[in-house]
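Number of protein chains: 2
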Amino acid sequence: MTSPLFLGIDGGGTRCRARLADAGGRTLGEGVGGAANIRLGLDVAWNAIMEAVDAALAQAGLGREVLSTTYIGLGLAGITNEADQKRVAGSAPVTFAGILSDTDAYTACLGAHAGADGGILISGTGSAAQIIVNGVGRGIGGWGFEVSDLGSGASMGRDAVRAALLGHDGMGPHTDLTRAVMAALGGDPPSVVAWVGPARPGDYGTLAPLVLDHARKGDVLAERLVREQADHLVMHIRRLLELGAPAICLMGGLGPVLLDWMPPWVRGVLTAPKGDAMAGGVLLAMRAGGA
Amino acid sequence: MTSPLFLGIDGGGTRCRARLADAGGRTLGEGVGGAANIRLGLDVAWNAIMEAVDAALAQAGLGREVLSTTYIGLGLAGITNEADQKRVAGSAPVTFAGILSDTDAYTACLGAHAGADGGILISGTGSAAQIIVNGVGRGIGGWGFEVSDLGSGASMGRDAVRAALLGHDGMGPHTDLTRAVMAALGGDPPSVVAWVGPARPGDYGTLAPLVLDHARKGDVLAERLVREQADHLVMHIRRLLELGAPAICLMGGLGPVLLDWMPPWVRGVLTAPKGDAMAGGVLLAMRAGGA
Chain A
1 MTSPLFLGID GGGTRCRARL ADAGGRTLGE GVGGAANIRL GLDVAWNAIM
51 EAVDAALAQA GLGREVLSTT YIGLGLAGIT NEADQKRVAG SAPVTFAGIL
101 SDTDAYTACL GAHAGADGGI LISGTGSAAQ IIVNGVGRGI GGWGFEVSDL
151 GSGASMGRDA VRAALLGHDG MGPHTDLTRA VMAALGGDPP SVVAWVGPAR
201 PGDYGTLAPL VLDHARKGDV LAERLVREQA DHLVMHIRRL LELGAPAICL
251 MGGLGPVLLD WMPPWVRGVL TAPKGDAMAG GVLLAMRAGG A
Chain B
1 MTSPLFLGID GGGTRCRARL ADAGGRTLGE GVGGAANIRL GLDVAWNAIM
51 EAVDAALAQA GLGREVLSTT YIGLGLAGIT NEADQKRVAG SAPVTFAGIL
101 SDTDAYTACL GAHAGADGGI LISGTGSAAQ IIVNGVGRGI GGWGFEVSDL
151 GSGASMGRDA VRAALLGHDG MGPHTDLTRA VMAALGGDPP SVVAWVGPAR
201 PGDYGTLAPL VLDHARKGDV LAERLVREQA DHLVMHIRRL LELGAPAICL
251 MGGLGPVLLD WMPPWVRGVL TAPKGDAMAG GVLLAMRAGG A
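Protein sequence lines, in the order shown, are assigned to chains A and B.
Counting from 1, one number per residue, gives the positions in the first sequence under the UniProt record's numbering.
Counting from 1, one number per residue, gives the positions in the second sequence under the UniProt record's numbering.
Source of the hints: derived by calculation from the structure; they are not laboratory data.
You can take every hint at face value.
A short, non-exhaustive set of chain B residues, derived as facing chain A with CB atoms under 10 Å:
no.: 1; residue: N81
no.: 2; residue: A129
no.: 3; residue: G141
no.: 4; residue: D169
no.: 5; residue: V192
no.: 6; residue: R239
Computed beta-carbon distance windows for the label pairs:
no.: 7; chain 1: B; residue 1: P263; chain 2: A; residue 2: A116; range: 47 to 57 Å
no.: 8; chain 1: B; residue 1: L259; chain 2: A; residue 2: W195; range: 33 to 43 Å
no.: 9; chain 1: A; residue 1: G202; chain 2: B; residue 2: W195; range: 17 to 27 Å
no.: 10; chain 1: B; residue 1: S68; chain 2: A; residue 2: P173; range: 50 to 60 Å
no.: 11; chain 1: B; residue 1: V220; chain 2: A; residue 2: R224; range: 17 to 27 Å
no.: 12; chain 1: B; residue 1: V44; chain 2: A; residue 2: G63; range: 52 to 62 Å
no.: 13; chain 1: B; residue 1: S91; chain 2: A; residue 2: G90; range: 51 to 61 Å
no.: 14; chain 1: A; residue 1: P209; chain 2: B; residue 2: S68; range: 56 to 66 Å
no.: 15; chain 1: A; residue 1: G90; chain 2: B; residue 2: P93; range: 55 to 65 Å
no.: 16; chain 1: A; residue 1: L243; chain 2: B; residue 2: D213; range: 30 to 40 Å
Please read all numbers here as calculations on a predicted model, not as lab measurements.
We put the beta carbon where it would ideally sit given N, CA and C, even for glycine.
I would like the entire structure built from these sequences, with the hints used as guidance.
Below, the structure written as structure tokens:
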């Protein structure tokens, strides 16, 4: 009898990554596929997942024939409830030995704490927190750029555009930062309006380095904008502690950068991630296998 | 020789209104047409304008033959500079005796102060301020929902959604208001995310009455959200005074409602509008006629 294998999937909104591991947790192969947010459609998500799976199998020198004895643990963006998890399992295009799925934040948290209880706070273009206590996961924040994702590069960039217009109109401080933002977006309000029209969170996020640079140079407004995003992250960290997280990992492109603007006690509750989101997926797969 | 006539146009993003007046300023007829924001295209804008003009002419018992001796003053949404004004004049589908155009905020300000210097502050779904001093106009704020329009129903509604999610996540006060907002948008974060996806400023604005109701009942969070928007409007009023506005009209569906949340001195600088935006258009038309 073949010993079972385990696939860990980290399926996000831009790409999907797969890791194939054996029962001892050793990596046999990895692969990458397209976006696997289930809001794009289950067929789109599964196509991306299988693209990443096939690449991982190829790297391991294996074919799809092993999948019937392989457990798969899927962390997928866009999953919101148990009904979504059932739809994911029910629409698999091949037969696995077992399937478990959860949000990509859940598997990221699982991987970061190697299956133990803990919390993660991800801050990049967007932001979101996740906690697992007694095995039960809960998402905090991360409900999108428009009304959530506080403590993120996109929020910082949007605040900078707002401040630039207020400075231009004489209703707020007009500093080196606001002048730099106005210049970057075309120099006058109509140009800014034209830039804002099609702008996505990623576009606002491109302004975050400009704000950070000016904050480091002592621009008083830039300092305020950076500190506000750092404060938002501290708010998330307080909440994770309140909910019982024994340790918290601060992740993403912006999170660790903002640590310089957080109070000293924060460093004391942070730990380095023990593994990535694919490792969390592998742990979920092992749970599907009865581990 | 026929005595000249004057057409005042108020062309906004949802509809266009026209008023035909004689040299004494008496209204001869009015009409309505479609959206005349020039960002929709000059042909679309002019179609809407001519629809409103034809209706005004019909009400006056006149035909298009009078237009060659009629001056037209256009207040159009989407005009940002002199190049836009030239493009509007250059694309008129019929011959007028003369054409002048400016933003719809400019003609609203002109009408509100009957051609005298002054400022206006419009707060409804969006917000924008306009000042005319020594005949020269300047727009303040109103650069759009995403990064401007502070002190508006849409901003208030968006803040309420943000507060509702923070309350739900345990990162902010969870009051009668936040519970009412969560309930109105489906009860849980995934439903809120689904609501936010296609939401336009007008959708956020529909939540403003809920916030105002709760503020009047003493909900501490609702009070804060309402006061913040009122403070934003006061910031605009201070700026209009600083720029030399001898009097200010507070207009729109929300502006006068928020007066209750502003400091008492504000009432002392406000005046009732003397005329509407079409009246401002007629004044612009008279200027085109050398008045």
